[in-house]
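Student: Line by line, the protein sequences give chains A, B and C.
For the first sequence, the numbering used here assigns the number 1 to the initial residue and increments by one for each residue that follows.
For the second sequence, the numbering used here assigns the number 1001 to the initial residue and increments by one for each residue that follows.
For the third sequence, the numbering used here assigns the number 2001 to the initial residue and increments by one for each residue that follows.
Because the hints were derived from the structure by calculation, they are not lab data.
Hints are supplied without guarantee of correctness; some may be wrong.
List of simulated lysine to any residue pairs, SDA-like, C-alpha gap at most 25 Å [what the hints assert, rightly or not]:
#: 1; chain 1: B; residue 1: Lys1315; chain 2: C; residue 2: Asp2142
#: 2; chain 1: A; residue 1: Lys123; chain 2: B; residue 2: Phe1132
#: 3; chain 1: C; residue 1: Lys2055; chain 2: B; residue 2: Phe1132
#: 4; chain 1: C; residue 1: Lys2055; chain 2: C; residue 2: Pro2038
Computed, partial: chain C to chain B, Cβ under 10 Å [said to hold, decoys possible]:
#: 5; residue: Lys2055
#: 6; residue: Gly2058
#: 7; residue: Thr2073
#: 8; residue: Arg2074
#: 9; residue: Phe2090
#: 10; residue: Asn2113
#: 11; residue: Val2140
#: 12; residue: Ala2141
#: 13; residue: Gly2145
#: 14; residue: Ala2149
#: 15; residue: His2150
#: 16; residue: Asp2152
#: 17; residue: Leu2164
Quick reminder that beta carbons are idealized off the backbone N, C-alpha and C, glycines included.
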Amino acid sequence: MDFSFIVMQFLSGLMMATLLFLVASGLTLIFGVGNVFNFAHGSFYMIGAYLAYQTVSVWHTNFWLSVLVASLGAGVLGMLAEALFLRRIYGRADEGGFQILLTYSFILVIDDLVKLIWGTEYKSLARPSGFTGTVELFGLSIPAYNLAIIGIGIVVVIVAWFVLARTRSGRIARAAALDREMLGSLGINVPFTMTLVFGIATAMGGFAGALAAPLRSVSPGAGIEVIIDSLIVVVIGGMGNFWGAWLGALILGEVNSFAVATVPDWASLFNYLVMVLTLIFKPEGLFASRKIRRV
Amino acid sequence: MNQSSGAREIILLGLFLLVFGSVPFIKQSDYHLMLANHVLIWGMFAVAFNMLFGVTGMLSFGQALYYGLGAYSVGLVVKNYGSAMFLPALGLGLVLTIVISILVGLLVIRLSGVYFTVLTLAFGQLAWQITFRWYRFTGGDDGIQGIMPSGLLENHTVYYYFTLALVVVSIWFLWRVANSPMGLVLRCIRQNPERVRFLGRRVRRNQLRIYVISSFFAALAGGLMAGVTNSIHPDMFYWTSSGEVILMAVLGGIGQFFGPFIGATVIIVIQDVVGARTEYWSLIIGIIMMIMVLGMPKGLVGEIRGLMARYAAGKVNRG
Amino acid sequence: MEPVLELRNVTKSFGGLRVTADVSFSVAPGSISAIIGPNGAGKTTLFNQITGYLKPDGGKILFQGKDITNLSTREIVTLGMARAFQVTSFFPEETVLDNVRVACLSQMNKTRNLLKSVSVFNEATDQAFKILESIGLQNVADRAGFELAHGDQKLLDIGIALALQPKALLLDEPTSGMSPEERLLTRNLIKRLWKEFSLTLIFIEHDMDTVFGIAQTVRVLQMGRLLAEGSPEEIRRNPEVITAYLGEEVL
């Protein structure tokens, strides 16, 4: 195992981690702020990937425009799903269980709608022009698109940190995590805020799906795999914790990248291994959030 | 429970045996027998699952793990050692399930609520991945065909009564559990786990117990199913199997002991009527799930009982 | 006589905030005593530590001479301590009878049984009815817990604790949220239960009529510290307590 191999795999792991982080942070955002567990989050990722395919391969437009379309599309669909369905079960006894059941029904419906619209065959997407080649770095050839994703990830982390820590909306979002009712008494439109945050979260899913589309083929049923991976990320990091999600994604991305290079057939099992180890040694996640209560 | 409900129990059991016992006599084809078998097996699976979800409040999205384990124990043993080993293989699957459900259970009950659900899902998918990829041992995507029970059980009607007997005993056992002191504690755990600790009871220990019991019957369902369809497939481990049993429970009513059985019956009938004609099965069950969660959270049986109670109350008021 | 419950320098902090500061006292067997203090004085936190729900940072808690500081709630309950809660805690979907009966079954160690119907445990059922009669809920035995009025739910909470046949019973604001009439009834009820079940009873309370009406000993907590301890008369006259908490009107 030489040095260049390690660097290459590390960078590839970093890219996977970025995508994982983008998906998982959407999941953890709506859980942390709205206390809603969106089991169908991976399905919005899948919608993003399909919308990117539609924009680029069918409408023949620019890839970066398709990323925008995918994010907006997934965001709007998420807002609709929240406003039309999820909202009706807030405050019900055993709300948590019903959230899972309802968002599970979203997975089923979205899966088949995607099949109806785009068919069952795998779709693939070319890398955007300008990012098809490789970049020479320290004598290594690194795919330019991978570097682009890593760069985007860094920007997103900085922007998200800024929004959460420094802006009024960020403060509102964090206050909502504390108390839905209290916010209402402060004159903030809580239902609208919930819908908006849900939309932002699903838009992040769609954004990640679009970015990943040139790397993985797009197919129906992708939602469930994505949701499990991002859930492993949040289990490692601690649910509802922004930096935890980042660390979880990094660990999972790197483990996955090195596993794919060494034992390709069994690589996906390593994700579960990481999860089991976390559960045994630190069941509340590496960054325990106060929201987790052991019952 | 008083004596009248004891009598009702016996009437219900008699009715159940009459309906399902007469299927071999009134069936028009072996297909009907198979359908009745599916109803029995999935019905038992759903009732057992609901001991976990509806009773104890633990929404497992990974019961397919044990369903698949039961089926693959039977399939692999019969494939490698012949159909004479069918019954021992069924037993082996149950023993393996007890061991694995204790190990997995100890991990997943460390977290509760959403986390529990997600972890059970992950373990189910882990089992699916292994089955899917370990081609040389499990046959991978091809599954295993030609799993025939031996001796008397080779006869479809005998096998059907064998299933009926096991299902009745299983459901009777689960019914006893639901009405026992432990069942009461489980219901209390769902409603107020903290208070159960202040009764001097171990919450986790009880959760583990019911997790193992419920998983045991999931494995029994899987093993019995292998003998009905004579073939098994890695999809039995897939999360959609877990999802289907959840849907059955929610459709019938998670607050009712027999609700999930009714839910299983309805789903299998719909599957039979519609399944052949559409590939959009998940759209259908997705919409059913959505309707149930939004409009009828108590399930078919729960809502009907609610209506009956209201009707009875209305009659009292008028009279 | 050996105290039933003894606290030695119990200390607890949340973050930088001291919620229990070096609290020591002992409770005589068969006594009835109150803990009072302003909101945020650390009364419930103290109960949480006594019942093993929170672990103290320092100090010792002894129950019947046994060190229980590091035992779990379950173990402490098994030793004979029971508790009712400030925010009523019961099993809303179960019947009133089953709410109490599950505690009786637990006390008789029958909850591992998974094949016999609850209804055949006559001893537990009889015991549950006895308790329901003591707290005056025998007529609503068949109702679900959530259907009861708030005051009755508070009583049910106490009934569940009583069913464990505790030696020491801790009540956290038993009369909170009650009307003045209900309060009077509950006050008399608590006193009666204390005698009937020969309990060592400790209660947290804001209603001064209840405190001074039935407590033999009153302890005052302020900012996690034990400010004063004594008979109702002594506490009433304690100048520190008056300035810190009681104010003038009680005089």
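Student: Let me make sure I understand: some of the numbered hints might not hold for this structure. Which ones are they, in numerical order?
Tutor: 3, 5, 6, 11, 12, 14, 15, 16
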